[in-house]
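Number of protein chains: 4
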Amino acid sequence: MKIATFIGSSRTESNSELLADTVLKGIKHQKVYIKDLTIQPINDLRHTKTGFQTVDDDYDQVIKAFMENDVIIFATPIYWYSMSGIMKNMIDRLSHAIRVERYPQFKEHLKKVEAIVLAVGGDEPRIKGLPLIQQFQYTFDFLNMRFSSYILGEANQPGDILKDSQALSQAELLNKRLKFSHNTFK
Amino acid sequence: MKIATFIGSSRTESNSELLADTVLKGIKHQKVYIKDLTIQPINDLRHTKTGFQTVDDDYDQVIKAFMENDVIIFATPIYWYSMSGIMKNMIDRLSHAIRVERYPQFKEHLKKVEAIVLAVGGDEPRIKGLPLIQQFQYTFDFLNMRFSSYILGEANQPGDILKDSQALSQAELLNKRLKFSHNTFK
Amino acid sequence: MKIATFIGSSRTESNSELLADTVLKGIKHQKVYIKDLTIQPINDLRHTKTGFQTVDDDYDQVIKAFMENDVIIFATPIYWYSMSGIMKNMIDRLSHAIRVERYPQFKEHLKKVEAIVLAVGGDEPRIKGLPLIQQFQYTFDFLNMRFSSYILGEANQPGDILKDSQALSQAELLNKRLKFSHNTFK
Amino acid sequence: MKIATFIGSSRTESNSELLADTVLKGIKHQKVYIKDLTIQPINDLRHTKTGFQTVDDDYDQVIKAFMENDVIIFATPIYWYSMSGIMKNMIDRLSHAIRVERYPQFKEHLKKVEAIVLAVGGDEPRIKGLPLIQQFQYTFDFLNMRFSSYILGEANQPGDILKDSQALSQAELLNKRLKFSHNTFK
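Protein chains in written order, with our numbering: chain U, 1 to 186; chain B, 1 to 186; chain E, 1 to 186; chain W, 1 to 186.
If you're looking for bench data, these hints aren't it; they were derived computationally from the structure. Be a bit skeptical, because a hint or two may be false.
Some chain E residues near chain B, calculated using beta-carbon distances under 10 angstroms [claimed, not checked]:
#1 130
#2 137
#3 147
#4 173
#5 174
#6 177
Since the structure is predicted, the reported quantities are computational estimates derived from the model, not experimental observations. Virtual Cβ for every residue (Gly too), placed ideally from N, Cα, C.
Please work from the sequences and hints to get the whole structure.
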């Protein structure tokens, strides 16, 4: 079992990244900082004669991370009750990626991928983060990905997530489960 | 009463734009194509010593559109059950704008602004678009803006929104109301 | 095409009933006042040796209304952001009904039924009624019923729904569609 | 600090009750089985000349449990993605209770009450139970009650909740917190 984490924050050592680190403590994994990639917003050319055109940016690294792993963790700060804009742009481009000839196995591969969401916010995230979870659910349903679990954490100041005992205890449980699968199926 | 519309699609004459045009038929308004603006993703510097830094891009035009109008219409395609990434980046930057000294009246002005959301999608938007509406609600609540109405429209092919009789009838009602206020309060 | 409406209010001529009447103006249909039926709350005996037991109340009338119609309209006031308790008790008993030998075709019949929800509330129903719509969606999905449309209306005083122009215009559109199908397929 | 739990299941030792027992292990509390009370559905007489009338049933016991405690736990099975009908009928009657002269302090007392929700279902409760949590949030907001936490547990067969490690770990955390407050403030 191989694991990749997409980090959606604009900060390093953001609370969402710290939560992901807790989930993955002692587990080998790939970490992708979305903020360090150049990702163009989607240009919806589905309905044009030519269809989607190749985009010259770093999105291939995103595709690669999806393709080479079995578990994908989306770790995002909650900005305005939703994922960060840079993660949203990355997600939007999936509409292109699943239709592109260069990645013939992409759609098929996703069906075998387990998705996990870690989202950290400052304004009642365990209530006001629920619509975000529902959107991820609809997205994973559409892509036939298995949405195995999510954690909504609370934090305002940098590092605050490490004081959220509920999020931490969920993270530790998830860590145990992933460790177990990792050792068993690698 | 002055009205601005933010268009969140990557296409011109997108279904969300057509819906906005129906809502605003015969009403003078400002139209802002987000796709034509350069807007950097937010860089969350709230917790640094220096705080937020001035960003050299087109965001001042966004601020201006907010400041000079009384009704703001957010017209977005539904990409992956949420607003488009380019609109999300624009929204994210509000965290910066409401804290910046250059716009001392911005936060105060928003309290007098009426917000309207028009969102068009292809996969059961009137159900699967509900989390997006809830997120806008939380956002407008936070900013003390009045969320007066929304329309969820259904469309797949370009122009399809003009066949969605429910969305069109809601748009016409809204058009009448805005026309009435426009004439009364201008 | 045959239509039945379940009225979930404790009042006669409630706002939710008035909305249903608008939707069904000029269309023959069956009206079931849940408040006039004796319906026991579900007794969850799924996991006992004997299983569900026959309940001596009016629930057979509910089953009959489902079985004899092709369109079922759920018209409910929004009490505490959800359907009324008497409608909820009626819905809960479906868990029994779909497992009972006395109604062998019940589950199969539901797959051909179109469901419509009309819900009227006083506290921002078009926002705070959204979770109720999502619950109906999950319910109809589980039962393989088609959820064709819903209307969220606003009303506080008796009769107020007749001033909600958005709900009324949606109701008239729905009336036209149902009339058309009614004449075509009866 | 005094605690009451409302049990919304039709079964004894239901999964939702077992979850409540875990949360309250070693903590003195009052347990109210809604199924053992006679509670009439609400009769909405707000708009009549006479207003609400006294109802001859066991609702006073519900009021009493609210009044005599500082923490109220709502433990319910998830039936059709919502609380059980018997709990809903109990909640509906709050509309009456907050307007009745017999309980002059009721509304005021609620503002000091902490609310906790425990809900257990069999069909992806951590996703499909989210609308229920949102409805509780709106309800507690309306009543000015503090919604401190919730647990969504998964169970199908009787006793299954004891295998849901995530729900159990959340329950244990909550137990510690309640124990601490209980000892500190009693």
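Structure-based check of all given hints:
1. 130: Holds. Min distance 5 angstroms.
2. 137: holds (5 angstroms)
3. 147: holds (7 angstroms)
4. 173: holds (6 angstroms)
5. 174: holds (8 angstroms)
6. 177: holds (8 angstroms)
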